[in-house]
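Sequence lines, in order, name chains E and L. Here the numbering used here is used: the first residue of the first sequence is 317, the next is one more, and so on. Here the numbering used here is used: the first residue of the second sequence is 800, the next is one more, and so on.
Each hint should be verified, as a subset may be incorrect.
Said to hold, decoys possible - When the alpha-carbon atoms are kept at most 25 Å apart in a straight line, the in silico DMTMM-like pairs for lysine to aspartate or glutamate are as follows: (1) Lys321(E) with Asp984(L); (2) Lys1288(L) with Glu1255(L); (3) Lys1288(L) with Glu333(E).
To be verified - Covered, in the sense of this in silico footprint (three residues per stretch, anywhere, with C-beta under 8 Å from a C-beta of chain E), are these stretches of chain L: (4) 818-827; (5) 1056-1065.
I should point out that these hints are in silico values taken from the structure, not numbers from a laboratory. We treat Cβ as the ideally placed atom computed from N, Cα and C, and that holds for glycine.
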Amino acid sequence: MALKKCIVAFSGTEEQENELKAVIKEHGDDPGALMPVLQKAQDIYGYLPIEVQEIISREMNIPLEKVYGVSTFYSQFSLNPKGKYRISVCLGTACYVKGSGDVFNKLQSILGVTSGGITDDGKFSLQDCRCIGACGLAPVMTINDDVYGRLTGDEKELREILAKYE
Amino acid sequence: MVNIKINGIECSVEEGTTILEAARANGIRIPTLCWLKDINEIGACRICVVEMTGARSLVASCMYPISKFDEGKNILTNSPSVLESRKMTLELLLSNHKKECLYCSRSGNCELQTLCQELGVKHEPAFDGVRNEYEIDDSAAHMTRDNEKCINCRRCIAACTNVQGIGVIGANYRGFKTSIGSPFDMDLADTACVSCGQCIAVCPTGALNEKDDTDKVWAALNDPDKVVVVQTAPAVRASIGEAFGYPMGTNVEGKMAAALRCLGFNAVFDTDFGADLTIMEEATELLDRVQNGGVLPMITSCSPGWIRYCEAYYPEMIPNLSSCKSPQQMNGAITKTYWAQKMGIDPQNIVSVSVMPCTAKKFEIGREDQSASGYPDLDISITTRELVKMINAAGLCFRELPDETFDSPLGIGTGAAVIFGATGGVMEAALRTAVWKLTGEDVNSPVEFKEVRGVEGVKTATYNVGGKEITVAVASGLKNASALLEKVKSGELNVTFIEIMACPGGCVNGGGQVIVPADVRNFTDIRAERAKALYGADESRPLRKSHESPDVKEVYEKFLGEPGSHKAHEILHTSYKASDLIK
């Protein structure tokens, strides 16, 4: 078994930790508080690495495994930070039938990450998403606010797009 | 009472009874996979579905409480649609299962396999599709987990979380990707798992297993240069018979001793001897702490799962732990020192093996400060199940073996020692000797302290000893232990001496005992049944107090000096360290 620790070094600040602790305190001993606390923690840190989950586990007196189990169950939680450039590939119906699955797989192999992952230089993060309302351009991906449509899934095409963000 | 029909037969059941229990009470067994009474009631596996008049779909019988609104309804437990549904559920599980049943450790007592036979799964795969692939986690000293044999019933999680209050394993991810693991998929060895093995005991399949050390034992037995000695814990004799067709709670120590001799062990010792030594040392330590202002309450240290728990979850209580080694380690330490000397054997050439109801013992033998002779006190620790495997491999007809006795001087145990295997046993044994001491070594001092017996999670009792009131407490199962310790810490409970066993009911229900299928477990109190064998043995032994054991007297006279002596401390005591493993 391999420890699934985020490859990007954790850089949480004391302010962030205090903010998180305040959130936990607000919820007191409410047994259903884990979800809202995780949501707030993600707002504070942008993601939920082991360091953050350990604070939650300790402060709420919940086994770390339970925190991790919940954080991996819901797709709204991310164990990795977002990259400088956030790539989203639409796997909605229209894009998918037009081949966005191939685009997504190509990107995974080019970047060496899986969905929700981040490259070790912190530059690109990759996420699949559902319909972004640009079905006429299917298959579609976005990088931050830039939209790329009618992709062919050709590796050269994708590498050229990524090169713009080097 | 509510009147219902089960398969057309009228019966009357108390409101709130589940369909499953109502059926069972009327002679019908509904199969289950995930359900463990009071422990794992999640209605997840859908094997126990039944048909019910008025219900829109099949109903999970384990979770359906019969209410007055069900008056007159008919429940079908084996209609064609019920059987078809169960079979399809099973086939779907099998489509994602590593089917190496021919050589799986649980072949023959696998609940999944039994269901396949009962429901007539004839050919497979009934469903093609992706199969999840996982690495086997064999990082821990005591166990392995193969998620490719896991059916996600979550019984292990329930044992870890609901029974033990630990929760170092859980369900990660979602849907088809759901898998049982530790936080951030880390190795089990990196978590504060206490090695109790309760997860293994409740696993319906071969996904969880103790680490098999039988090959090491065979290798030692076949090595002509080694003197191989074995000891068996009190609780083993209360469970091993189940594997050979004896009713639960049958004490088969005589045949077990014979079997061990047949397997080729050079000396067959009884951990009971170590238990008697433990009492001598522990009672002395307790009286010393009471009389000289030592840290109280003192807490027993026999259960290595409890020790790991204390080190990880209650490090502030480490000073309260008795410094006594466990009976297994005491037996091992005396074997390689006194016995080696007496027999003229170099301890280097002794391979000391233990048969334990426990998986944490596999961890304990590797602990620091457990090498009295300069060599590890114990070399190999196997579970009750592994001994069964060895007996079967050797072709021994267990039931036909003669009843033999253990070898002296490390093989004679008193009644006090044999009850170590049940919750409250160590406490009672210690009281027998402590009270004798405090009442001026009166031979007529009391033998039985029944208030500390029984399967209750936490027990307390107060005794008047020599004009002084002593309150004692006993907890088994770590969630219960935690509840007790919180009361002690807050000052709500003022006690002098505490016994804690990691497994609910004590060692008789240890993680290394013969596997009991959920179907039996749900309707029998295995803790109480197996304990009967030990209390029966206690009553029938001529000596029932540890200090009366002639073997114990001999070891003190010829080797250790007085209980609590400097030499006794060097050989029979140990130390503990706070751990910062992931909780």
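When the structure is checked against the list of hints, which entries are broken? Sort them ascending. 3, 4, 5
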